[in-house]
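Engineer: If you count by our numbering, then the sequence shown holds residues 8 to 200, one letter each, in order.
Keep in mind that the hints were calculated from the coordinates and are not lab data.
There could be a bad hint or two in this list.
Just the calculated beta-carbon pair ranges, DEER-fashion [said to hold, decoys possible]:
(1) Lys28 with Glu123: 24 to 32 Å
(2) Leu181 with Ala64: 34 to 42 Å
(3) Ala92 with Asp53: 37 to 45 Å
Pairs of lysine-lysine residues, derived as DSS-like cross-links and limited to a Cα-Cα distance of at most 25 Å, are as follows [unchecked claim]:
(4) Lys69 with Lys135
(5) Lys151 with Lys176
(6) Lys134 with Lys87
(7) Lys41 with Lys87
(8) Lys79 with Lys69
(9) Lys177 with Lys151
(10) Lys54 with Lys41
(11) Lys54 with Lys79
(12) Lys41 with Lys28
(13) Lys149 with Lys135
Every residue gets a Cβ at the ideal spot worked out from N, C-alpha and C, and that includes glycine.
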Amino acid sequence: MLPNPKQMDENLDPRVKRTRKLILDSFGILLAEKNFENISVQDVTDKAQINRATFYAHFQDKYALLDYSVSKMFMQEIEKRTLNACHYTPDNLRSLILAVCEFLGNMHSSCAQPHEQFESLIENQIKKHIFGLLSHWLSQSKVKLSTEIPATVATWAIYGLASHYSHMKKRPALEKFVDEALPLVSVNLEQFA
Numbered sequence: 008m009l010p011n012p013k014q015m016d017e018n019l020d021p022r023v024k025r026t027r028k029l030i031l032d033s034f035g036i037l038l039a040e041k042n043f044e045n046i047s048v049q050d051v052t053d054k055a056q057i058n059r060a061t062f063y064a065h066f067q068d069k070y071a072l073l074d075y076s077v078s079k080m081f082m083q084e085i086e087k088r089t090l091n092a093c094h095y096t097p098d099n100l101r102s103l104i105l106a107v108c109e110f111l112g113n114m115h116s117s118c119a120q121p122h123e124q125f126e127s128l129i130e131n132q133i134k135k136h137i138f139g140l141l142s143h144w145l146s147q148s149k150v151k152l153s154t155e156i157p158a159t160v161a162t163w164a165i166y167g168l169a170s171h172y173s174h175m176k177k178r179p180a181l182e183k184f185v186d187e188a189l190p191l192v193s194v195n196l197e198q199f200a
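Turn these sequences into a full structure, and let the hints guide you.
Structural biologist: Rendered as structure tokens:
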């Protein structure tokens, strides 16, 4: 599995945690107000009421902040459903698809006019976590096959379906959408069940 931002934060000094939370909260507020491309480090530091040196002590730039923020939020969604403590089953796969669809839907509705660059940065982080989780699940199976290709195919399928769902003008009920999508994803993973 990929490093979990929550696990990385556990060993931090409480003051560092508070400052990081302040930066993340301020960044979230700014994302709801304007496009990612129009947000500057200065905007974040002004909103958080910290100086730029403090920001740079935590994040290299706004792209690193976005990566960390998306990674942290997505892993919280996965942990909420305890998917990080599971193994591969069709029900767990269904829960993962549901989580990704909900996450992307929430990202699109809570951010002001998501832009192509913003979406590709989010896509990169989410696909890394999906791939890591699927690889972990599949490696636990008794089947001794390579997991890289099935996990890659399923990752792209899950993210693509969730992206499609989040961009739909008239979305069907999420449960119905996931039920229709599940067989399309699981067909590549059945050998590991």
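Engineer: It remains to establish, for every hint, whether it holds in the given structure.
Structural biologist: Results for each hint:
1. Lys28 with Glu123: 24 to 32 Å: Holds, since Lys28 and Glu123 (Cβ atoms, about 29 Å apart) stay within the stated range.
2. Leu181 with Ala64: 34 to 42 Å: Holds - the Cβ-Cβ distance for Leu181 and Ala64, about 40 Å, lies within 34 to 42 Å.
3. Ala92 with Asp53: 37 to 45 Å: holds, 40 Å
4. Lys69 with Lys135: holds, 19 Å
5. Lys151 with Lys176: The hint is violated at about 43 Å.
6. Lys134 with Lys87: holds, 18 Å
7. Lys41 with Lys87: violated, 28 Å
8. Lys79 with Lys69: Holds, at roughly 15 Å.
9. Lys177 with Lys151: violated, 42 Å
10. Lys54 with Lys41: OK: Lys54 and Lys41 at ~13 Å, within 25 Å.
11. Lys54 with Lys79: Given pair Lys54, Lys79 holds - Cα atoms ~20 Å apart, limit 25 Å.
12. Lys41 with Lys28: Cα-Cα ~20 Å, so holds.
13. Lys149 with Lys135: holds, 24 Å
Of the hints listed earlier, those the structure fails to meet are numbers 5, 7, 9, in rising order.
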